[in-house]
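Please take these sequences and the hints and turn them into a complete structure.
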Amino acid sequence: MNKIESFKVDHTRLMPGMYISRTDGDIITYDIRFVRPNTPPFLENAVIHTIEHLFATYVRNSPFGGGIIYFGPMGCRTGFYFITRGISHEDAIELTRNALAFIADYRGDIPGSAEPECGNYKEHNLEAARICAASQLAVLKEWQPSLLEYK
61 MNKIESFKVD HTRLMPGMYI SRTDGDIITY DIRFVRPNTP PFLENAVIHT IEHLFATYVR
121 NSPFGGGIIY FGPMGCRTGF YFITRGISHE DAIELTRNAL AFIADYRGDI PGSAEPECGN
181 YKEHNLEAAR ICAASQLAVL KEWQPSLLEY K
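Going by my numbering, the residue at position 117 of the sequence shown is 177; the numbering climbs one at a time, nothing skipped.
Hints in this document: simulated from the structure, not taken from any laboratory. Even glycine gets a Cβ: it sits at the ideal position worked out from N, Cα and C. Wrong hints could be hidden among the right ones.
Lysine-lysine pairs mimicking DSS-like chemistry, simulated, CA-CA at most 25 Å apart [what the hints assert, rightly or not]: (1) K211 - K201; (2) K63 - K211; (3) K68 - K211.
Restraint-style ranges between C-beta atoms, simulated for each label pair [as the list claims (entries may be wrong)]: (4) M61 - T99: 25 to 31 Å; (5) N105 - P171: 14 to 20 Å; (6) D165 - K211: 37 to 43 Å; (7) K68 - R167: 20 to 26 Å; (8) D84 - A106: 28 to 34 Å.
Laid out in structure tokens, this is it:
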């Protein structure tokens, strides 16, 4: 079988940030990397789960909601994929920063965290998610489209 594109990225050089993982027409898959690959500690499942719920809720309720395809975790627990359609790179970066700021400041019930709404509703960690979001927000503070390419 052919190696998929994401496995062709040199993970030994990849640092936390935001990158274009792939482009399919007007659909862009962003790699929002929180943790340098192969350098523990990795994101904990409860933290990933909480960030997923809050980030997805925020972006889908933003003015760009119609262009949001997907937001979800990487299996390696080092970050997330954010898939958009028809949203400029500048707007995707700003939307990501705004979502992270929302998570970093969030207090209250986690959206979609009741048993009828979620398949693992008890596994959340809001405080740790807030810390991770604030840390990633600092990484992306000055991020620009020119930095979206993998090095």
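Consistency of the hints with the structure:
| no. | hint | verdict |
| --- | --- | --- |
| 1 | K211 - K201 | holds (19 Å) |
| 2 | K63 - K211 | holds (19 Å) |
| 3 | K68 - K211 | holds (12 Å) |
| 4 | M61 - T99: 25 to 31 Å | holds (28 Å) |
| 5 | N105 - P171: 14 to 20 Å | holds (18 Å) |
| 6 | D165 - K211: 37 to 43 Å | violated (31 Å) |
| 7 | K68 - R167: 20 to 26 Å | violated (41 Å) |
| 8 | D84 - A106: 28 to 34 Å | holds (32 Å) |
Of the hints listed earlier, those the structure fails to meet are numbers 6 and 7, in rising order.
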